[in-house]
Amino acid sequence: MEVEESGETRTSWAVAPGETHSIICDHAGKKRKQDPAPDPVTRIAEDEGEEEEDEMMSDHMKDSEEPSNKRVKPVAKSNSLTGVITPVKTPALKRIGQSISRSISFRTEARPLPPAPLRARSKASSFPRRRNSQCWSDTVESHDLTAKEIKRQEVIYELTQGERQLIEDLSLVKKVYYEPMLKLDIMTESELGQIFGTLDSLIPLHEDLLERLQRLRGSEKTVGEVGPTLMNWFPCLESYVTYCCNQVGAKALLDQKKHEKRVEQFLRLCQESSFSRKLDLWNFLDLPRSRLVKYPLLLKEIQKCTPPEHPDEDSLPDALELIQSIIAEVNKKTGEAECQFYRRGLAYLEDSQRITEIQESRFLCCHGELKNNKGQRLHVFLFELALVLTRPGEDKDGGQVFNVYRQPLPNALLNLEEIPDGEAGGGSGFRGAFSGGNDKVKNCFRVISRGRSKAHSYSLQANDSFSRQQWITCLRQAIVQSRDRNVQSRPSQSSPQTDPALYHIAELSLSSDTEMADHTGR
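Quick note: the sequence shown uses this note's numbering, first residue 118, plus one each step.
Just so you know, the hints here were simulated from the structure itself, not pulled from any lab data.
Quick caveat, the model's predicted, so the values are computed rather than measured.
Each hint should be verified, as a subset may be incorrect.
Each computed SDA-like pair below joins lysine to any residue, with the alpha-carbon atoms no more than 25 Å apart [said to hold, decoys possible]:
{"id": "1", "residue 1": "300", "residue 2": "358"}
{"id": "2", "residue 1": "411", "residue 2": "383"}
{"id": "3", "residue 1": "291", "residue 2": "388"}
{"id": "4", "residue 1": "375", "residue 2": "289"}
{"id": "5", "residue 1": "421", "residue 2": "403"}
{"id": "6", "residue 1": "491", "residue 2": "567"}
{"id": "7", "residue 1": "449", "residue 2": "601"}
{"id": "8", "residue 1": "374", "residue 2": "350"}
{"id": "9", "residue 1": "411", "residue 2": "379"}
{"id": "10", "residue 1": "291", "residue 2": "417"}
{"id": "11", "residue 1": "395", "residue 2": "431"}
{"id": "12", "residue 1": "368", "residue 2": "379"}
{"id": "13", "residue 1": "417", "residue 2": "434"}
{"id": "14", "residue 1": "491", "residue 2": "563"}
{"id": "15", "residue 1": "417", "residue 2": "358"}
{"id": "16", "residue 1": "368", "residue 2": "514"}
{"id": "17", "residue 1": "411", "residue 2": "305"}
{"id": "18", "residue 1": "338", "residue 2": "450"}
{"id": "19", "residue 1": "411", "residue 2": "300"}
{"id": "20", "residue 1": "368", "residue 2": "305"}
{"id": "21", "residue 1": "411", "residue 2": "375"}
{"id": "22", "residue 1": "449", "residue 2": "435"}
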C-alpha cells in the first residue's frame, strides 16, 4: 500500500508530461489492440533505445528515498508506457525534448511518411537550378591551336551561348509569366503591355544574331572572322531604346501590382519553382539591358586575343566603337525618360515650389533615401538643375507619388559642406536624430542655398559612407555643370561682372574632378 501511494504522488507531480504522453499512448494503444500479445511494448522500447530507458530508470531509483525493491514491482506490472516514462525526474526542457522525440517516432509508425518523390520534389525546388556551364574546349575532341587562339574561341563561344541563354529566358518569360497572367486575368492586357513592353520583339532579334554566329563555325568548330558580322548586326540594337525607356514606368507599375494578393501569390509560386532559378520577374525583364552592356566587354576580350595579322584586327575596333555609341544613346534616352517619369510623380504643396529648374532638367543625376536632421526619411532627387526633397506617398489609385518637402533648390545656387564623422555639428537635435543620442555623427553632409529670396540649409545623412560619397560626388558635378550652363547662356556684356553665384565656388573640394569625369551626365 505504501508503494502504491508513492506511485500516485509521482504521477500527479508530472502532470505536464502525462498530458504529452497520453497522446503517445493513444498511438501505441492502437497497435496493441491489433495484437493482444505484449510484444508491441517491447518492440517500441527497442525502437526508442532500450539502453536509454534503462539508464533513465537507474537514475530515478538513485534519486528516490524509497527502497529499490519496492519501486521495481509496480513498474514491472505496468502495461503502458506512461508507467515507464512519467515517474522519471528529469529537467523540464529535457522532458519536453524527450516527449517530442518520442511523439515523432510513434507517429511515424502509426502514419507513414509521405512517399519519397514528394520529398525529392520539395528539395529540388528549394535550390536554384544552375545552367550547365560548358566551354568551347568541351565541344571539340582535339585541336592544334595556340593558347591565345583557344582563349579567343572561348570568348566567341561565350558570346554565342549568351545569346542562346537570353533567347531561352525571354521565351520563358513570355510562356510562364505573360501568357498565364493574361489568361487567368491576373492583370489586364494594358497593364501587362506596360510591364513587358517590347520584350516580345527582342526574341527574333537575338535569334538572328545566334543564327549568324552559328554559321561562322567551320568544320573544326572554330570561328574565324567575327567583326563584320557584329558590325552588321549591332544597329539592330537601337530598338533597345524603346524597351529600356519603358522600364522605368514598368518597374513602378510592377511594384504597385505586387501588393495585390493574386499577383503576389502567382509571382511567388513562379519564383519558388525550379525553372525560375530563384529569379523574380523583374530579374528576367532586366536581362536584355544587362546583355546590352556586356557586348563591349566581350568585344574587348576578343580583341585582346586577336593576333596582329588577323582579319578582325581592323573590324573589331569599329564594332566596339559602334556598340558603345549605341549604349550611350540608350542611356541618354533612358535618362530622359526616367527624369520625365519622376517629374510627373512630384506633388507640389505650394506654387512657389514649382521652380523652372525642375521642368528644364533633362536627366536625373541620382535619387535615393536620406534622413534629415529630424531623423525623418526623405526621398531626394538630384535633377540636372535642381535638388528636390520629397516624402513618398500614394495617390487615390495606389500609385506612388512624391510629396515635395520644403523648397526645392537650384543647383547653381548650392554650396556643399561635408560634415566629418564624429563632429558634433548642428546642435543637440542634429546629434540626437542622426546618432540616436550619441555625440558622434556619421555619413552626413549639408547643402546650403544662397541667393534669390532667402537662404536654405538642409542637413542630410546617408545610410553608409559609400552612399554618402556617391551623393557628394554627384552634387559636386551637378553644381559645377549648372553654373557653367548659366555662364554660357548669359548674354555677353561689354563690362562683364563676377557672377554672385560663383562667390562660394571656392568652398567646393574639386580635387577629384578628374576621377569623376566618367560620371558626367548621361
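Evaluation of the provided hints:
For the proposed pair residue 300 and residue 358, the alpha carbon gap of about 29 Å is over 25 Å, so the pair is violated. Of the pairs offered as hints, the one joining residue 411 and residue 383 is violated, with about 31 Å between alpha carbons and a cut-off of 25 Å exceeded. About 15 Å separates the Cα atoms of residue 291 and residue 388, which keeps this hinted pair within 25 Å; it holds. Among the hinted pairs, residue 375 with residue 289 is consistent with the structure: their alpha-carbon atoms are about 20 Å apart, no more than 25 Å.
A distance of roughly 29 Å separates the Cα atoms of residue 421 and residue 403; the hinted pair therefore is violated under the 25 Å criterion. Distance restraint check for residue 491 and residue 567: the Cα-Cα separation of roughly 22 Å lies within the 25 Å cut-off, and the hinted pair is therefore satisfied. Between residue 449 and residue 601 the CA atoms are separated by roughly 20 Å; this keeps the pair inside 25 Å, and the hint holds. Simply put, residue 374 and residue 350 have alpha-carbon atoms about 37 Å apart, too far for the 25 Å limit, and the pair is violated.
Between residue 411 and residue 379, the direct Cα distance comes to roughly 35 Å. Violation of the 25 Å bound is thereby established for this hinted pair. For the hint pairing residue 291 with residue 417, the CA-to-CA distance comes to about 32 Å; that exceeds 25 Å, so the pair is violated. A C-alpha spacing of about 42 Å is found between residue 395 and residue 431, which places the hinted pair above 25 Å, so the restraint is violated. With a CA separation close to 18 Å, the supplied pair residue 368 and residue 379 stays within the 25 Å bound.
With a C-alpha separation of about 9 Å, the suggested pairing of residue 417 with residue 434 holds against the 25 Å cut-off. In summary, the hint linking residue 491 to residue 563 is supported, as the alpha carbons are separated by about 14 Å, within the 25 Å threshold. Restraint check for residue 417 and residue 358: satisfied, since their Cα atoms lie roughly 23 Å apart, inside the 25 Å limit. For the given pair, residue 368 sits about 17 Å from residue 514 by alpha-carbon distance, which is consistent with the 25 Å threshold.
Restraint check for residue 411 and residue 305: the C-alpha separation of about 33 Å exceeds 25 Å, so the hint is violated. Only pairs whose Cα atoms come within 25 Å are accepted, and residue 338 paired with residue 450 is rejected, the gap being roughly 40 Å. Distance check on the hinted pair: residue 411 and residue 300 sit about 35 Å apart at the alpha-carbon level, beyond 25 Å; violated. Straight-line distance between C-alpha atoms of residue 368 and residue 305 comes to about 16 Å, which keeps the hinted pair within the 25 Å bound.
Under the criterion of a C-alpha separation no larger than 25 Å, the hint pairing residue 411 with residue 375 is inconsistent with the structure, at around 30 Å. For a cut-off of 25 Å, the pair hint linking residue 449 to residue 435 stands: about 21 Å separates their Cα positions.
When the structure is compared with the earlier hints, violations turn up for hints 1, 2, 5, 8, 9, 10, 11, 17, 18, 19, 21 and for no others.
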